[in-house]
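Listed in order, the protein sequences are those of chains A and B.
Numbers 1 to 138, taken from this note's numbering, label the letters of the first sequence in order.
Numbers 1 to 190, taken from this note's numbering, label the letters of the second sequence in order.
Hints listed in this document are in silico derivations from the structure and should not be mistaken for laboratory results.
If you're wondering where the values come from, they're calculated on a predicted model, not measured in any experiment.
Heads up, the beta-carbon is just placed ideally off N, CA and C, and yes, glycines get one too.
Since no wrong hints were added, every one of them can be taken at face value.
Covered stretches of chain A (chain B as the covering partner; in silico rule of three or more C-beta atoms under 8 Å from a C-beta of chain B):
| hint | stretch |
| --- | --- |
| 1 | 40 to 48 |
| 2 | 78 to 85 |
| 3 | 93 to 103 |
| 4 | 112 to 119 |
| 5 | 125 to 131 |
What the simulated footprint calls covered on chain B by chain A, stretch by stretch (three residues with Cβ under 8 Å from a Cβ of chain A suffice, anywhere in the stretch; the number is not a length):
| hint | stretch |
| --- | --- |
| 6 | 58 to 68 |
| 7 | 71 to 78 |
| 8 | 137 to 147 |
| 9 | 155 to 165 |
Residues per chain, in single letters:
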Amino acid sequence: MPNLILRVVSKILIPPIIIFALYVQFHGDFGPGGGFQAGVIFSAAFILYALVFGLDAAENVISTSVLRFLASLGVLIYAGVGIATVFLGGNYLEYTVLASTQVAGQHLGILLVELGVGITVFSVMLLIFFTFAAKGRA
Amino acid sequence: MIDIIINLALLSFLAISAIAIVRMKNLFAIIMLFGIFSFLSASVFMVMDAVDVAFTEAAVGAGISTVLMIATLALTKVQDEKRPGGHKPWLPLTVVIVTAAALVYGTLDIPAFGDANAPSQKHVAPQYLQRSIPETGIPNVVTSVLASYRGFDTLGEVFVVFTAGIAVLILIGGVAQPSKRKTSRKKKNA
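Using the sequences provided together with the hints, build the complete structure.
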């Protein structure tokens, strides 16, 4: 039975950490932040959970096979946006062709690309942590 | 004036923690000091108004790196082992001093901090600053440069992160287990 104070405090802390990560992810256009930072903060919430409640509990929340899928999905979203712009008649990663106006297209493109970055960074960080922790347990 | 005092304090703390890291033998304490070092660097970036870089340093350097190094520590020993024999410090010390002197000499030619006429501010930076709002509508120029103007670079960075994850999985992840089973089988046969 782990420390009661640690369990209660981490349960209070994890939701704000996740909300903050989402804020950093989607507010990166206006303030400091973006996909890299958001992905790291998002994975920090899960790492805190794994440190306090154990690796098995954390792997029940999100399994390594899901993380492997997500790690490739993020890269695929980023590269896929580039492919989509090519099919829409632009250059690779030329977001302007994604929407009717240039500003709207750029906005959509940057949002999608940052989402891809965030997903990949989140899942790779967590995957590395899980791999190391599982190796240490064995 | 206040900037100078804060910078001086932060940089001296950086130097102190660096010296402490070099002199310590307990790896757990060294990892904690690495975290403090990263956090101090993030504060220095913050004072220099580079908030995005400071944010990344605080999240990645002070946060995730510390956790990952502690996870690595679970696989190794906490105490640094003394190497047998030891080595002569004079050759490495000379190399370090000469390199540091060359670097300090090089800084004499660097333009002053925040100099608007510095070559790096004259090349493409004015273009980004002028065109970011009309072309992308994004007030944070760091994001528009990162995701749009330099989108190829960022795609490369994402591939680097992805490749690092794959490398860890191949080296110590699930792939290592079949070979372990083979060795145990060999032992049984022997």
